[in-house]
Amino acid sequence: MTMELEYNRDLYGVEHEAGPFEITADLIQIFNRSIGETSAMFTDQATAQAAGYSGVLAPPTLVTMLVRNVELPDIELNFGVMRFHAGQRVQSRAPIVAGDSLMASSHLKEVYPKTGRSGTMVFTVWETTFTNQDGTVVADVQESYASRE
Amino acid sequence: MPDQNGPFFEDIDMGDEIGPIELVATDENVSTFCELWGNPMPNRFTSQEIAEKSGLPGPIVPGVMSMAIMSQALTDWAGPESLKDLDLVFRQPIPHNKPLLISATVTDTREEDGENIIECDVLMMGEAGERYVGGIAIITLPSSGE
Amino acid sequence: MYLDLHSHSVSSDDSRATVEQYVKWVQVLRNKRGCTIDGFVLTEHRKFDFDKDYSQLAAEYDVLIMKGSELDTRYGHVLVYGVTEALAKDIDLGDVKMDARELMKAARHHGAIAVPAHPGRFGIGLVDYMEQGETFPGLNMVERLNGGSRAGENERADTLCQEQNYLGTGGSDAHLASHLGACLTSFPTDVRDERQLVEALLAGDFTPVWLKDAK
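Protein chains in written order, with our numbering: chain A, 21 to 169; chain B, 124 to 269; chain C, 10 to 224.
Wrong hints could be hidden among the right ones.
Chain B is faced by these chain C residues, among others (derived, beta-carbon under 10 Å) [as the list claims (entries may be wrong)]:
{"no.": "1", "residue": "Arg25"}
{"no.": "2", "residue": "Lys33"}
{"no.": "3", "residue": "Asn40"}
{"no.": "4", "residue": "Lys41"}
{"no.": "5", "residue": "Arg159"}
{"no.": "6", "residue": "Ala160"}
{"no.": "7", "residue": "Gly161"}
{"no.": "8", "residue": "Glu164"}
{"no.": "9", "residue": "Thr168"}
{"no.": "10", "residue": "Leu169"}
In case anyone wonders, no lab produced these hints; they're calculated from the structure.
Yeah, the Cβ is synthetic: ideal placement off N, Cα and C, and Gly gets one too.
Take the sequences, apply the hints, and build the full model.
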């Protein structure tokens with residue numbers, strides 16, 4: 021028999037929202053410092069403004085740091101004692117600049133089992149969409165977590 | 124607006140290799156990242172003791188941060204507005220203070236909806252060939268005629 | 010001819026490569042890197058894509074595209090070539106705890122062949138299970154070269170083949186386009202479809218090779 025996973029399937033189709041997240045120049049600056057980012061478009065307001073933006077541009081993965089602020093429910097998975105971050109995807113839909121205010125909306129995308137070097141694992145994938153103050157979708161983030169026996 | 128220092132679409136061909144670009148995540152970088160990320164410290168990303176309790180040889184670089192580093196390497200090469208999609212699998216724990224070698228291989232070039240798209244396989248490796256992170260990136264590039 | 014007997018397209022949950030990217034990558038290997046690669050088998054995880062037809066892509070790019078499966082078993086992953094609807098009815102392709110021995114038996118019964126993948130892989134390879142005392146009567150071939158192996162894992166597969174006198178195949182285990190063809194299987198005879206692939210494997214006349222040697 022295919023491995024029967026037990027978890028709360030009622031969570032499919034339910035959106036979990038959080039925000040607003042204010043994208044300040046300071047936030048972008050600290051993010052830049054943490055990864056050693058020095059590109060002028062991300063660090064220098066004059067350069068960003070010369071390119072037609074109202075403030076410095078946020079590096080495309082900055083939104084991934086905001087996902088943890090969305091309170092996601094326990095999916096009540098009947099499997100695994102260890103859980104780790106297995107993968108992540110960011111799709112940039114529109115520029116994010118200092119001064120933007122973002123809302124996040126997350127939903128359960130899929131849950132599936134597989135076996136690997138560490139034995140059987142179950143992957144839980146959440147998808148989060150970020151929208152700016154104008155209602156424009158600026159990014160989609162998928163996070164995949166593996167639960168291990 | 125295209126970054127004039129970056130490559131043009133016409134310069135890129137399938138099979139081209141980019142990098143490796145060497146970056147390092149220092150202890151200080153990771154602490155700054157965790158603070159901004161809102162992950163209470165000490166944690167397995169910053170503390171030797173907590174990392175060891177989690178079965179790790181030492182504190183590691185968060186997956187989220189490794190993605191930011193990969194992204195930085197790619198936008199550094201292609202331009203700050205170039206990265207449209209970055210899809211990564213975290214394969215092995217990444218240590219602090221060690222060279223992280225980031226490379227990309229161009230697997231497709233195409234024009235789509237008026238944009239010049241290049242698709243790459245991307246890899247973050249250690250000095251001894253450890254494959255820390257792998258995945259794909261979709262990047263848009265300006266045309267030399269623009 | 011040189012065939013990559015182990016690859017995954019986006020049909021597998023952990024792959025990021027489309028079949029179109031793979032056939033384009035074959036052109037890079039042929040035209041830019043001077044390698045010979047005639048085709049590949051899409052061995053999707055825990056499934057068989059009965060509904061997928063790649064014949065147009067195959068013709069357009071002159072690449073042989075075959076379909077297979079990589080199934081999870083309680084004794085590691087097993088590549089299955091020549092999957093039929095009857096086999097898929099007989100065994101549950103998604104059962105991650107199936108007995109590899111039962112799978113091998115069912116595969117042969119239905120004209121397919123089951124080959125343990127990356128047997129040297131630590132924690133999940135056949136070598137570990139054999140060291141624990143498991144036996145696999147009738148088994149005579151494994152995947153000897155796997156492009157996704159970590160240091161030491163292909164060497165363990167080598168030792169297994171030497172000690173057990175197993176035949177060995179080669180496959181990239183590609184999950185990304187540029188990894189396709191890293192390891193291949195060399196056949197002295199032409200293979201044109203899955204049925205002929207099974208026949209060629211059963212004939213036992215093949216060798217695993219690294220891409221650099223496929224010239």
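Going down the list of hints, with the structure as the test:
Interface hint at C/Arg25: satisfied, since its Cβ lies 4 Å from the closest Cβ of chain B, which is below the 10 Å cut-off. Interface restraint check: C/Lys33 against chain B, minimum CB-CB distance 6 Å, threshold 10 Å, status holds. A cut of 10 Å between beta carbons decides the hint on C/Asn40: the least distance to chain B is about 9 Å, and the hint holds. Satisfaction of the interface hint for C/Lys41 is found here, the shortest Cβ-Cβ separation to chain B being roughly 5 Å, below the 10 Å cut-off.
For C/Arg159, the suggested interface contact is upheld, since its CB lies about 8 Å from the closest CB of chain B, less than 10 Å. For C/Ala160, the suggested interface contact is upheld, since its CB lies about 7 Å from the closest CB of chain B, less than 10 Å. Nearest Cβ of chain B to the Cβ of C/Gly161: about 12 Å, over the 10 Å cut. The hint is violated. Evaluation of the C/Glu164 hint against chain B yields a violated restraint, the C-beta minimum of about 15 Å exceeding 10 Å.
Given hint, C/Thr168 at the interface with chain B, is violated; its Cβ is 21 Å from that chain's nearest Cβ, farther than 10 Å. Interface restraint check: C/Leu169 against chain B, minimum CB-CB distance 23 Å, threshold 10 Å, status violated.
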